[in-house]
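Given chain S, work out where chain A should sit, using these hints.
Chain by chain, the residues:
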Amino acid sequence: MIPHQMVWLIFLLPLFSFVIIAFVVRPLVRPESRIAGYITIAAIGGSLALSIWALFSVMAAPHHEIPVPDITWVVIEDGVTIHLGLIMDSLTAVMLIVVTVVSLMVQIYSQGYMHGDPGYHRYYAFMSLFTMSMLGLVLADNLVFMFVFWEMVGLCSYFLIGFWFHKPSAADAAKKAFIVTRLGDFGFLAGILLLYLNTGTFDIHELHELAITGVLAGTVLTWAAIGIFAGAVGKSAQFPLHVWLPDAMEGPTPVSALIHAATMVAAGVFLVARMFPLFQHSTEALTTVAIIGGITAIFAASMGLVMNDIKRVLAYSTISQLGYMMLGLGTGGVAIGIFHLFNHAFFKALLFLGAGSVNHATGTFDMRLMGGLRKYMPWTYVTFVIASLSIAGIWPLSGFWSKDEVVISAFASQPVLFYLAMITVFMTAFYMFRAVFMTFGGEYRGGAPDAHGHGGQESHHGQPHESPRVMTIPLIILAVLSIFSGLWNVTGHFGAFMGHGETHGFLEGLFHPFTLSLPWISLILAGLGILLAYAMYSKFWISAERVGGMFKPLHTLFYRKYWFDELYENIIVKNALFRGLFGGFEQFDNKAVDGAVNGVANGVIASGRAIRYAQTGQLQLYGLFMGIGILAIIFVIYFFG
Amino acid sequence: MIGSGYLTMILFLPAAGAVLIAFVLSNREQVIRWTAAIFTFVPLALSVILFALFDRSPEAAGLIQFEEEVLWIAPINAYYHLGVDGLSLPLMALTAFLGFLVVLISWKINLRVREYFAWLLLLETSILGVFLSLDLLLFFIMWEIEVIPMYFLITIWGAGRKEYSAIKYVVYTLFGSAFMLAGILSLYFTTGSLSMLEIGNQGLGLVQSIMPAAAIFFLLLIGFAIKLPVFPFHTWLPDAHTDAPTAVSVMLAGVLIKMGGYGMIRLCVTMFPTVAQQYAVILVILAIIGVLYGAAVTMRQTDFKRLIAYSSISHMGYVLLGIFALGRVSLVGAALQMVSHGLVTGLLFAMVGLVMHNTHERDLRKFGGLARQIPVITVVFSIAGLASLGLPTTSGFAAEFLVFIGSYSSTTVPWIQGYTILGVLGVVVTAGYILWMLQRVFYGPPLEQYDGTADADVLEKAYMFALVAVIMLVGIYPAVITDVLKLGIAPVIGLLGG
Numbered sequence: 002m003i004p005h006q007m008v009w010l011i012f013l014l015p016l017f018s019f020v021i022i023a024f025v026v027r028p029l030v031r032p033e034s035r036i037a038g039y040i041t042i043a044a045i046g047g048s049l050a051l052s053i054w055a056l057f058s059v060m061a062a063p064h065h066e067i068p069v070p071d072i073t074w075v076v077i078e079d080g081v082t083i084h085l086g087l088i089m090d091s092l093t094a095v096m097l098i099v100v101t102v103v104s105l106m107v108q109i110y111s112q113g114y115m116h117g118d119p120g121y122h123r124y125y126a127f128m129s130l131f132t133m134s135m136l137g138l139v140l141a142d143n144l145v146f147m148f149v150f151w152e153m154v155g156l157c158s159y160f161l162i163g164f165w166f167h168k169p170s171a172a173d174a175a176k177k178a179f180i181v182t183r184l185g186d187f188g189f190l191a192g193i194l195l196l197y198l199n200t201g202t203f204d205i206h207e208l209h210e211l212a213i214t215g216v217l218a219g220t221v222l223t224w225a226a227i228g229i230f231a232g233a234v235g236k237s238a239q240f241p242l243h244v245w246l247p248d249a250m251e252g253p254t255p256v257s258a259l260i261h262a263a264t265m266v267a268a269g270v271f272l273v274a275r276m277f278p279l280f281q282h283s284t285e286a287l288t289t290v291a292i293i294g295g296i297t298a299i300f301a302a303s304m305g306l307v308m309n310d311i312k313r314v315l316a317y318s319t320i321s322q323l324g325y326m327m328l329g330l331g332t333g334g335v336a337i338g339i340f341h342l343f344n345h346a347f348f349k350a351l352l353f354l355g356a357g358s359v360n361h362a363t364g365t366f367d368m369r370l371m372g373g374l375r376k377y378m379p380w381t382y383v384t385f386v387i388a389s390l391s392i393a394g395i396w397p398l399s400g401f402w403s404k405d406e407v408v409i410s411a412f413a414s415q416p417v418l419f420y421l422a423m424i425t426v427f428m429t430a431f432y433m434f435r436a437v438f439m440t441f442g443g444e445y446r447g448g449a450p451d452a453h454g455h456g457g458q459e460s461h462h463g464q465p466h467e468s469p470r471v472m473t474i475p476l477i478i479l480a481v482l483s484i485f486s487g488l489w490n491v492t493g494h495f496g497a498f499m500g501h502g503e504t505h506g507f508l509e510g511l512f513h514p515f516t517l518s519l520p521w522i523s524l525i526l527a528g529l530g531i532l533l534a535y536a537m538y539s540k541f542w543i544s545a546e547r548v549g550g551m552f553k554p555l556h557t558l559f560y561r562k563y564w565f566d567e568l569y570e571n572i573i574v575k576n577a578l579f580r581g582l583f584g585g586f587e588q589f590d591n592k593a594v595d596g597a598v599n600g601v602a603n604g605v606i607a608s609g610r611a612i613r614y615a616q617t618g619q620l621q622l623y624g625l626f627m628g629i630g631i632l633a634i635i636f637v638i639y640f641f642g
Numbered sequence: 021m022i023g024s025g026y027l028t029m030i031l032f033l034p035a036a037g038a039v040l041i042a043f044v045l046s047n048r049e050q051v052i053r054w055t056a057a058i059f060t061f062v063p064l065a066l067s068v069i070l071f072a073l074f075d076r077s078p079e080a081a082g083l084i085q086f087e088e089e090v091l092w093i094a095p096i097n098a099y100y101h102l103g104v105d106g107l108s109l110p111l112m113a114l115t116a117f118l119g120f121l122v123v124l125i126s127w128k129i130n131l132r133v134r135e136y137f138a139w140l141l142l143l144e145t146s147i148l149g150v151f152l153s154l155d156l157l158l159f160f161i162m163w164e165i166e167v168i169p170m171y172f173l174i175t176i177w178g179a180g181r182k183e184y185s186a187i188k189y190v191v192y193t194l195f196g197s198a199f200m201l202a203g204i205l206s207l208y209f210t211t212g213s214l215s216m217l218e219i220g221n222q223g224l225g226l227v228q229s230i231m232p233a234a235a236i237f238f239l240l241l242i243g244f245a246i247k248l249p250v251f252p253f254h255t256w257l258p259d260a261h262t263d264a265p266t267a268v269s270v271m272l273a274g275v276l277i278k279m280g281g282y283g284m285i286r287l288c289v290t291m292f293p294t295v296a297q298q299y300a301v302i303l304v305i306l307a308i309i310g311v312l313y314g315a316a317v318t319m320r321q322t323d324f325k326r327l328i329a330y331s332s333i334s335h336m337g338y339v340l341l342g343i344f345a346l347g348r349v350s351l352v353g354a355a356l357q358m359v360s361h362g363l364v365t366g367l368l369f370a371m372v373g374l375v376m377h378n379t380h381e382r383d384l385r386k387f388g389g390l391a392r393q394i395p396v397i398t399v400v401f402s403i404a405g406l407a408s409l410g411l412p413t414t415s416g417f418a419a420e421f422l423v424f425i426g427s428y429s430s431t432t433v434p435w436i437q438g439y440t441i442l443g444v445l446g447v448v449v450t451a452g453y454i455l456w457m458l459q460r461v462f463y464g465p466p467l468e469q470y471d472g473t474a475d476a477d478v479l480e481k482a483y484m485f486a487l488v489a490v491i492m493l494v495g496i497y498p499a500v501i502t503d504v505l506k507l508g509i510a511p512v513i514g515l516l517g518g
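In order, the protein sequences belong to chains S and A. Position 219, counted from 1, in the first sequence is what the working numbering calls 220; the numbers after and before it change by one each time, with no gaps. Position 111, counted from 1, in the second sequence is what the working numbering calls 131; the numbers after and before it change by one each time, with no gaps.
The shape of chain S in the complex, shown without the other chains (with noise of 0.2 Å):
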């Protein structure tokens, strides 16, 4: 049994070192020490073994749930209360490990790709600090807590996607991540305000119990769990609040793999998973998970079929797979969608740090200048063809598993949405194979034709090489993940533990899929898809020009992403924002609001300077109109007195 100071000292470990590399580290080690990235490297690998030792210690608890005590924060009356506490159950135990697994994998990973960066300690300062608020957000036990670390999230991926803040691509990437994010915070905040109004706490285990009970019930908790919903869409990037993921590649590649596998995106997953208890008593929030992440799953997958570059293939690709997630949830509960995260989470960061191990080699991120890249790089080839698999689906490898169950429980409640996940699949597929051809198939392309063009480290040297130990043993690792994480459920021990489903015997489970249809249908359409990238752009059998010719206005469509950056950055943000309404009100604001203070102002010098004539000093006019006065009132009193 873990002691609860030591599930503290999981999130407060990256803190440490944050703290340590910013205030100490950066003022006064010369920037060419590697010393930040080994204090990063300890404090989040401390932090992995507490969270095996938490893992262990849930599974072997009563309920799979072990009570940490907590803080006081603020009180402010004796009715309102606002404690830090944490959490410690089976959710939070595979999260923990989810993270920390990552994000170490990531850590060492960046020892060999930021070599050499200016920005070195801050890098790594933030990525202890974004790891940190990961880990605080997984184990927050109360939805204010939970929303500090979201926000902290989100300002950490705001830092690190603007991590080289000289170049205006990334700049604005960092600003559109943090402020797309924060209008579904926006949705997620109202949902808490709305809790809290009806059940004066924001705690939690006591929201679960009063949905479970259904004290909390009706319109107030579908719309409570669809504000809720709403900042998951924002921080998981679902549509229609997508657009900032792609856009976020604009960081250092290992921060994308850190954003797309195991923190940042999986925050809406999991918060979702976490508030399920609310979503499981309201039909028509469940449903909208559903409809959205079904919905999410297919349309980003379409835009993933025809990028070049490679890391946005697979920002479309984790917008996809997110989808899954989310539909999983809404259709088959926690542990369909966790388990899909859970195994994601490893051959994303896979997919990521070879697209950076490709890049380093390259210099560029364009496929279509790579190519053949398998005989320079074997490690690099090899690993990301496994996770490429994993990803379509693969017997037996882990997405295989995960992606089953989703695809399988969407059947059973929303076969509309089922039908878009099977094509879904094939399109994964497709694209995954069509970024392994172009990448490391055919011969060699040249690379980035400036080498030095790319801002900070992402330049190349030359022939393209295998990356340093360094960089292909985390490959390694999180290649033997993404085969063998998704055994995990092969025996039903995974859904078991996150609270349903029965455990059966590890081969009858592993072959259980072969005696159903559905995972021979999935198995056809990922083999189609593989076959079809194959060739189109391994053989050459078919044309990509012609069929992209033959597809024209959907291939535009696709290419174009369907054109939601012009319509929310030009139309609705610059033109009917910025340039209308915003435009109006300061000229509103300058003219009349303003106008009139000053008309006021200028009304009083006007009036003194004609009511000036009447006061001459001639005794006798004073006179005259002192008469007229009198009369005046005489005349008045007579008539209506």
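Be aware that one or more of the hints could be misleading.
What the hints assert, rightly or not - Keeping only pairs whose Cα atoms sit at most 27 Å apart, straight-line, the calculated BS3-like set for lysine-lysine is:
#	chain 1	residue 1	chain 2	residue 2
1	S	540	S	376
2	S	575	S	168
3	A	128	A	386
4	S	575	A	386
5	A	182	A	128
6	S	592	S	575
7	A	182	S	592
8	A	386	S	168
9	A	182	A	386
To be verified - Computed footprint of chain S on chain A; a stretch qualifies when at least three of its residues, placed anywhere within it, have a C-beta under 8 Å from a C-beta of chain S:
#	region
10	313-323
11	404-415
12	455-466
13	496-505
Said to hold, decoys possible - Covered stretches of chain S (chain A as the covering partner; in silico rule of three or more C-beta atoms under 8 Å from a C-beta of chain A):
#	region
14	142-151
15	158-167
16	176-183
17	587-594
None of these hints come from the bench; they were simulated from the model. Remember, predicted model here, so these are calculated numbers, not experimental data. Here a beta-carbon is modelled for each residue, glycine too, at the ideal position from N, C-alpha and C.
Using the frame of chain S, we list chain A on its own:
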């Protein structure tokens, strides 16, 4: 009772320093600066001591502490009456804190130094006086004195259309205080007392009023609404801020406009609880307009200082919302927002002044890439900006969050949930203009003309880190201040019948 005489010392030490600088000391700049520093540091130290000694037990709710009372003008029953409760104590400490920091911020002023510091110190005394007075006459006198140093500080040490802005400030303020004086006189003739405590405790309902209570309420309110400022009485603020010297902007945004919010709670709500409840909905609507409209107009600004000035209008909307939601939590939130905004916007103005001073530029369109050239200023500016957009772990979050939950769960105003949600929407726009401002000034490729721009020196680092430390302290552990504020708010809630 402990602390008798301490408040007088806090109140009049800056003024004594002003007299010393103006009439006694030799005109050597270094002597004047050090004198100003000492005569503002001691009140700060005393404020900190009083803050620590303040009785925080639940029995102290509503009690006035460190009270001093001397009969002043017997025929009209006017007293020299000072004291602090949970509401005024943090505002007093904030004033003393910023009062000291603005002396450091002004260290590099070298135009008519003697006059400058004399006015600056007098300004501090007058603001402290507003927060410490418990007698309406003393309150009003302090309220009026503040205009004079402001006028001279803006016209002589300002920039741009400084004469216009200064006279606009003076006339606008006096316009408001004329109504306020009428309100105070009506109160006096109705109750025969000038004591805020007596009037507050007895309430007006018992006495036959010479005019409707609502009329007195609005007479007082107009003065405070102009000061806060409340839409549509806000247009003096951007002008005054834009043209004022840095230190004056810090005082103006930091504490001066808080006099409006303080007055609303202390006089309007406390003395006229039923009227406040009756008309709260109007003020809540104005608050929401202030939040959203202020944020929208902020977005459009191209002048660095004017942008921060407009953001204050938006942020003060949350204060107004919290006050007139009339809930216990919302009022604590509003008071905390006043303190938080004082710290955060004080820091923002100090940083804007520093950037403008070091680059000789104020047009946002001409900035870019300063992060490379002035890294320390960039970091602190970013923290201040994030606090302004209400990021957790900064005071801005704690304050806005309390305003939101307090207002949302308030029961006084119909449809308050809808108004609050609209107010929450302001947070998104705030993120927009703050991040866009940071991007325009600090990010992007470094520009040649700013090579060699000076970063913060030791003195500047000292005051900016001090402010950052307090902002983070309040953000991470808001109970430091809310424990005090809730004692001040408790009696108000009692009057509202909550």
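Hints and how they fare:
no.	hint	verdict
1	540/S to 376/S	holds (18 Å)
2	575/S to 168/S	holds (21 Å)
3	128/A to 386/A	holds (25 Å)
4	575/S to 386/A	holds (20 Å)
5	182/A to 128/A	holds (20 Å)
6	592/S to 575/S	holds (22 Å)
7	182/A to 592/S	holds (20 Å)
8	386/A to 168/S	holds (17 Å)
9	182/A to 386/A	holds (23 Å)
10	313-323	holds (count 5)
11	404-415	holds (count 4)
12	455-466	holds (count 8)
13	496-505	holds (count 5)
14	142-151	holds (count 4)
15	158-167	holds (count 4)
16	176-183	holds (count 4)
17	587-594	holds (count 3)
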